[in-house]
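A.B. asks: Using the sequences and the hints given, assemble the complete structure.
Letter by letter, the chains look like this.
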Amino acid sequence: MMKVYECCGIESVTKKVYCSSCGKEITNEIDVPEEGTVYSYTVIQVPPAQFAHLAPYTVALIQLKNSKAKVTARILESVAIGDQVKLDSIVDGAYVFKKVGSSKVLHNS
Amino acid sequence: MESLRGKVAIIGVADTEVGIVPHMSATQLTIDAALKALDDAGLTKNDIDGLITCNSFAEPILYHAEAMAEYLQIKPKLCYSVLTGGGTTFSLVEHAAAAIVAGLCHTVLIVTADSLRSGLTKEKAMTSQASTGHPQFESIYGPTVPALYALIARAHMEKYGTTSEQFAKIAVACRKHASLNPAAQMRELISVEDVINSRMIADPLHLLDCSLISDGGAAVIVTSAERAKAFKQDPIYLLGVGEGHHHEHISQALDFTTSGATDSSKLAYEMAGLGPKDMDFAQIYDCFTPTVLVELEDLGFCEKGEGGAFVDSGAIELGGALPINTHGGLLSHCHPGHPGSMFALTEAVKQLRDQAGERQVKNAQTALVHGQGGIMSSHTTLIIGREVS
Ligand SMILES: [Zn+2]
Numbered sequence: 001m002m003k004v005y006e007c008c009g010i011e012s013v014t015k016k017v018y019c020s021s022c023g024k025e026i027t028n029e030i031d032v033p034e035e036g037t038v039y040s041y042t043v044i045q046v047p048p049a050q051f052a053h054l055a056p057y058t059v060a061l062i063q064l065k066n067s068k069a070k071v072t073a074r075i076l077e078s079v080a081i082g083d084q085v086k087l088d089s090i091v092d093g094a095y096v097f098k099k100v101g102s103s104k105v106l107h108n109s
Numbered sequence: 001m002e003s004l005r006g007k008v009a010i011i012g013v014a015d016t017e018v019g020i021v022p023h024m025s026a027t028q029l030t031i032d033a034a035l036k037a038l039d040d041a042g043l044t045k046n047d048i049d050g051l052i053t054c055n056s057f058a059e060p061i062l063y064h065a066e067a068m069a070e071y072l073q074i075k076p077k078l079c080y081s082v083l084t085g086g087g088t089t090f091s092l093v094e095h096a097a098a099a100i101v102a103g104l105c106h107t108v109l110i111v112t113a114d115s116l117r118s119g120l121t122k123e124k125a126m127t128s129q130a131s132t133g134h135p136q137f138e139s140i141y142g143p144t145v146p147a148l149y150a151l152i153a154r155a156h157m158e159k160y161g162t163t164s165e166q167f168a169k170i171a172v173a174c175r176k177h178a179s180l181n182p183a184a185q186m187r188e189l190i191s192v193e194d195v196i197n198s199r200m201i202a203d204p205l206h207l208l209d210c211s212l213i214s215d216g217g218a219a220v221i222v223t224s225a226e227r228a229k230a231f232k233q234d235p236i237y238l239l240g241v242g243e244g245h246h247h248e249h250i251s252q253a254l255d256f257t258t259s260g261a262t263d264s265s266k267l268a269y270e271m272a273g274l275g276p277k278d279m280d281f282a283q284i285y286d287c288f289t290p291t292v293l294v295e296l297e298d299l300g301f302c303e304k305g306e307g308g309a310f311v312d313s314g315a316i317e318l319g320g321a322l323p324i325n326t327h328g329g330l331l332s333h334c335h336p337g338h339p340g341s342m343f344a345l346t347e348a349v350k351q352l353r354d355q356a357g358e359r360q361v362k363n364a365q366t367a368l369v370h371g372q373g374g375i376m377s378s379h380t381t382l383i384i385g386r387e388v389s
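Protein sequence lines correspond, in order, to chains E and F.
Mapping of the first sequence onto full-length UniProt numbering: residues 1 to 109, in sequence order.
Mapping of the second sequence onto full-length UniProt numbering: residues 1 to 389, in sequence order.
Bear in mind the hints are in silico, worked out from the structure with no lab data behind them.
Honestly, I wouldn't trust all of these hints.
Unchecked claim - Negatives, chain E to chain F, calculated, CB over 10 Å:
1) 2
2) 6
3) 7
4) 8
5) 18
6) 22
7) 27
8) 29
9) 30
10) 66
11) 67
12) 77
13) 100
14) 102
Unchecked claim - Pair ranges (Cβ atoms, derived):
15) F:71 <-> E:17: 37 to 45 Å
16) E:25 <-> F:230: 53 to 61 Å
17) F:387 <-> E:25: 51 to 59 Å
A quick note: this is a predicted structure, and the numbers were derived from the prediction, not measured.
Where is the CB? At the ideal position from N, CA and C, for every residue including glycine.
C.D. replies: In structure tokens:
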């Protein structure tokens, strides 16, 4: 499960101390499944030096399932917006997701 | 708040040499731009009682504006630096106008310069830009600045059917305009195919969808409308201005395809009492081609989602309904980082003074100039014109 921090209906994967709506300390931590759909993505061909060994690599924003929060991830396969993805591993603190279903198939069924 | 409409005017503008300028440091470019703007206005440095700058990446100075005042040996009553990315330059104009109207000072020199190309290694230029990434949820994924804008481009393509060709047409138009500007860094004409066939940087952005990395500086001088008529050049009045700030990190943005430009332009139009149709041309921040397309929509030049069709219509080229980036923009004129959009303002002023040579927009009376910084994070819209109606 992944942690999402919630207060006043605002959900984020970023843990902030104070709620931007009510100003109180955020205490509600929700466990959400480690899966979602591709919200947007890019394939980076020209990387910064410290990521050169990975290039080309896909960085995507994932709309988490059962949550309003989005999370950044690297994805192993080539993807399209709307594809279903699932957490595969965490490498140096970075989420790595893998594709488990296509947006195309989903629309047709 | 008292409206700033028609209360101040730009009376001096200047650009340094731009592009690859290894023989000048960032500080030297700053001072060069300042002195040239004074000359353009027909002022001496002692006529300046306000100084606003933005710091340099290549040559960072802790108290930047103070250091520039010291270099010029002026003793301004108002002196500070601002940093809101590419939107910095125009927020400086708004703050200068507010300071003048509030009586804090009467004539403000706004000067910005940097040497991103020659003062930094390519890698350092890249990392300094990428340091805007969120430490936990962006930077560790290795996104470059183009990659963060690519996320926006991809979302717009998916939602509205926008194509790579439509993005490319923006780069083609800017290059066409740069070809008419002897000062521009890149002047050789390019085609849509050239853009599409250029090296992929971060899908769907190709090399020619990305702005340049340059050296250069620009300055403007703002004074009260009452004083403005006494100087060498036709005054160009500030008619409307507004800012919009929605987020810092794009991964935290609530909406990928609509930006704070909606807020900044609404404020600017309201103050000016004008609308998008009243603009004879526009200078729109073009760090990447999709930035322009989203901004054309958010600034009200077309409906949301219609940016691609608007570009297809040819409106954005000289001779079209709304020529944009008549100097060539960040894509083809130059992009020294934070100072980048200042050249859009100096160009707009030259256009409105009828001093733009081969690329002159016929009978240009009113213009919109928009800057944005971060990853669609900070936005400032200016509306300027020859007359206060
Ligand atoms: Zn709350």
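A.B. asks: Each of the hints needs a verdict: does it hold here or not?
C.D. replies: Structure-based check of all given hints:
no.	hint	result
1	2	holds, 12 Å
2	6	holds, 15 Å
3	7	holds, 15 Å
4	8	holds, 14 Å
5	18	holds, 15 Å
6	22	holds, 18 Å
7	27	holds, 20 Å
8	29	holds, 16 Å
9	30	holds, 17 Å
10	66	holds, 18 Å
11	67	holds, 14 Å
12	77	holds, 14 Å
13	100	holds, 20 Å
14	102	holds, 14 Å
15	F:71 <-> E:17: 37 to 45 Å	holds, 42 Å
16	E:25 <-> F:230: 53 to 61 Å	holds, 58 Å
17	F:387 <-> E:25: 51 to 59 Å	holds, 55 Å
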